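Both chains come to you apart, so use the hints to assemble them.
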Amino acid sequence: MALAPVVRDDFSAPFFEAAAEGRLLLRWSPSSGEWSEPAARFCSVTQSDDLEWRASSGHGTLVSWTIKPGRTRDGVTTPDVVIGVVELAEGPWLSLWLPEADQDRLAVGAAVAVSFVQPEGSEHLPVAHLG
Amino acid sequence: MSIESPRTAIVGLGITEMGKVFGRSAVDFAVEAITSAVADAGLDLSEVDGLYVNPGIKNDTDMRLQSTLGMRDTRVLATVQGFGSSAGQMVQYASMAIEAGMADVVVCVYADAPLQEGKRAGAAYPGQARAMVGVGSLPFAAGLKAAPERYAVAARRHMHAYGTTSEQLGAVAVAAREWAVMNPHAQMREPMTLEDHQSSRMIADPLRLLDCCLVSNGAVAVVVTSAERAATLRQPPVHVWGWGQAHPGYVNRRGSEFGLVTGAAQSGPAALKMAGVSVDEIDVREIYDCFTYTTLVTLEDYGFCAKGEGGEFVASGAIAPGGSHPTNTGGGELSSYYMWGMTPLSEAIIQARGQAGERQVDRHDLVMVSGNGGVLDFHSTLILSAHPKGR
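Chains as they are written, first to last, in our numbering: chain A, 1 to 131; chain F, 1 to 391.
The following block holds chain F by itself, in its conformation from the complex (with noise of 0.2 Å):
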């Protein structure tokens, strides 16, 4: 079976409070999001009949939020873990299981609460700490641990063989900073500059404090049902017309593409490809953005420019409010909040409702969302719409 065409939206969305919110659980944000995103859709609790679930770094939430819940003879459930792709991933598992008639309506959550009251965030993220046995644990030995010190490998290649620079990367940060001022759920609305940046200090050469994403407390949930009941309910239904995955498997070898391409190169083509529409008809792109690198090289491999343009691209001012290529309209990961996938996927729905206030951007029709995980090793998309796709 193939889903050329799926008739499945997105109909609820909840969002906690966001950042350094303490004393409360990555459970406590579960329920609070989920919550919020059904009664967002005016539906019941009652009538969610699947769950998917996505922990965060601390790895303290599950499938059992079932149970919190009081849901019974749920129909789909499981915990997903495809890191920063998860967000794009359960959206597609839950329209599969509807498709297929598993399930009717959906909700999928991500929650986290690493940030903890008087430590450093980048305490929160200490890198993997996995036990010191072995050949595999040689790049973690050698000092490569945590996500910047990788993200600033794959960057100075994508520099060296580009010309991408520091400025540029910049002009990333400063982007997402003038979509985020505009953005009541950001944690970061204090207007940014380029010097901002380039004074900021280094935390992994090339990458600047300011060219790394935020750390939040918090939850993102969203309610997924078929197109048909969407139209019935409460809030403007954000239509899935696409979606597409791809994980390189990129190999430590001679020819490695790591740090030039990502998964975004295929996922993205595929997802527009089965939502029927070329990336000039994309009208607002939320992409993951871990680092300003990874909102560059992924606007490259989408295609919305050439590979290894993407310098010049996001330094023109395309991704900026007022733009040719409104992009990371909430501000992004780098300045509203860090949810991983929900980041990019949360905005997109609010955007293709109308519902973004002073940053509404003015063509909504087709939004462009990217999930990516690992240190790009794994990648989603997905292609929203405020209409529903005519079969």
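Excised from the complex, chain A in its bound form (with noise of 0.2 Å):
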């Protein structure tokens, strides 16, 4: 497993409890009725504060992305490590790891959808699959 584990604090706590059940949650401005990543204080394009948690549809594409290769120490090599930068559909940027990705077929606009998994002692953490 790539991901460091996470653990919650108040602000988060609704992030990681629509996690554990399959759900990406964003900020949204009633305000502004514009999609902020799920860190936002304020809104991304007002800076209204009205910020509240809703839930994204979990589908974007593909902005940027790097490869980490993986390393051989001690007789065990690590597997190449892809994280990519997802748009979500609402507009939303969200850095995320694309396990056991085809890199042949990573491009930037490729569909990816969100899943979540947890690794040991850490929240539910999302994570991109391309479509």
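Simulated from the structure, these hints should not be mistaken for laboratory data.
Hints should not be assumed to be uniformly reliable.
[Stated by the list, open to error] Taking beta-carbon pairs under 8 Å as the criterion, some of the chain A residues facing chain F (in silico):
id: 1; residue: 5
id: 2; residue: 76
id: 3; residue: 79
[Stated by the list, open to error] Derived pair list, reagent style SDA-like, types lysine to any residue, alpha-carbon separation capped at 20 Å:
id: 4; chain 1: F; residue 1: 145; chain 2: A; residue 2: 53
id: 5; chain 1: F; residue 1: 145; chain 2: A; residue 2: 80
id: 6; chain 1: F; residue 1: 145; chain 2: A; residue 2: 2
id: 7; chain 1: F; residue 1: 145; chain 2: A; residue 2: 52
id: 8; chain 1: F; residue 1: 145; chain 2: A; residue 2: 70
id: 9; chain 1: F; residue 1: 145; chain 2: A; residue 2: 57
id: 10; chain 1: F; residue 1: 145; chain 2: A; residue 2: 39
id: 11; chain 1: F; residue 1: 145; chain 2: A; residue 2: 48
From a predicted model like this one, the values you see are computed outputs, not experimental measurements.
Backbone N, C-alpha and C fix where the C-beta goes; we use that ideal spot for every residue, glycine too.
See below:
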């Protein structure tokens, strides 16, 4: 598992409650009708502070990505790690691990879907899969 | 109050031994750089009445250097943290303090000692060691930890949008090395080819080892004073003509210019306007080059070539020795030493003074210096000149 464990705080509790149920929450501003990333404290378009949690479609496209090559140490080879910037259909970007991604299919604009995995000692965390 | 035409100058430069220098702390390096810079200016430490301190990644020095140096009744004093934009920022704050009559002689210093004997350079910059709490830590948890992978995502956007290639990034690395070969301060002085770049190991695709800057132990200090006083001192003054800062505040959402346009696009024109010169008049460019891509995108944003044409521009040989646009003439952070914004600033001073020896650029009247911090999040610019600016 390439993902590092993450624990919740008060702010993120609703996000991780939903994640455990397989739902991706984003921040949404009723005054602007715009969506922001989960960590946003202010609307990413209008800077208004009326953000509330709202469910995302969980679908988006790849904006960019990097591949951290696997390494061999003490006879053990770790796989390459693909990390993508995903633009969700609602607009916000999330940086997500793409486990077992077919590197030949990585392309700007490629469709991706979000799912969740739970590393040991961690909340459920979002990951992306090529569609 | 606006300072339309600053009348300050950099009069002292101190550079310690650089790189894998062990057994010395950031404070040790800072003290050496400061005393060396003050002596270089022909001043006495007792004449320094201002100090700005920029600690590096280890964050183990700060404005308490005042007491280490035995300074008393200091008139301006602060720890400055603008990451890679700090050096430019410190010179700006020093100039404003001098213009405002708050201080007469201000020292700005960067010092760091992240390298440990027997450990890899990468271990010095492991990424932000924050507690993995809350949604803010999701990118880190996903693997975007250290600078290479974060800049890799930015570079790939540029490559996709404008057709920039790895070979073009390699041209930046090769040019930097060609300059470094002529720089006695440089850590990497062995010649390097594009093939070397292309065969260097992948760090974070598309960035290879030779797309990445060095990691260095050491310190650099500069001394700033009024142009009037500068004229009486030991070294040829390097006059501060203009400056700018721009911190874009990228939002993580559709339409973001992250990777495509940086703060340099605002900071550069602001600095040029303040200096009253056009980008075509700049003789020497000293660009913050934490990665090859950073040089390329900054040159575009400053207007040395059109947006999206940075790849062709650097591959043409324009920035290499003998090229039309000499850039990072000491080898930059890629090949000389990694002192955050003090790397481009120190070489700018050396070039403007005409003291660069074998690598001296013939025309060195106007030098443009960039600083870049975070992942293109923080930007500063200086326009320096060998001549006083007429009012």
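We went through each hint and held it up to the structure:
1. 5: holds (6 Å)
2. 76: The hint is violated - residue 76 of chain A has no Cβ within 8 Å of chain F, the shortest such distance being about 18 Å.
3. 79: At about 12 Å, which exceeds the 8 Å cut-off, the nearest Cβ of chain F leaves the hint on residue 79 of chain A violated.
4. F:145 x A:53: This hinted pair is violated, its Cα atoms lying about 26 Å apart.
5. F:145 x A:80: holds (15 Å)
6. F:145 x A:2: holds (12 Å)
7. F:145 x A:52: Violated, at about 28 Å.
8. F:145 x A:70: With Cα atoms ~15 Å apart, residue 145 of chain F and residue 70 of chain A stay inside 20 Å; holds.
9. F:145 x A:57: Judged against 20 Å, a Cα distance of about 27 Å means the pair is violated.
10. F:145 x A:39: Cα-Cα ~17 Å, so holds.
11. F:145 x A:48: violated (29 Å)
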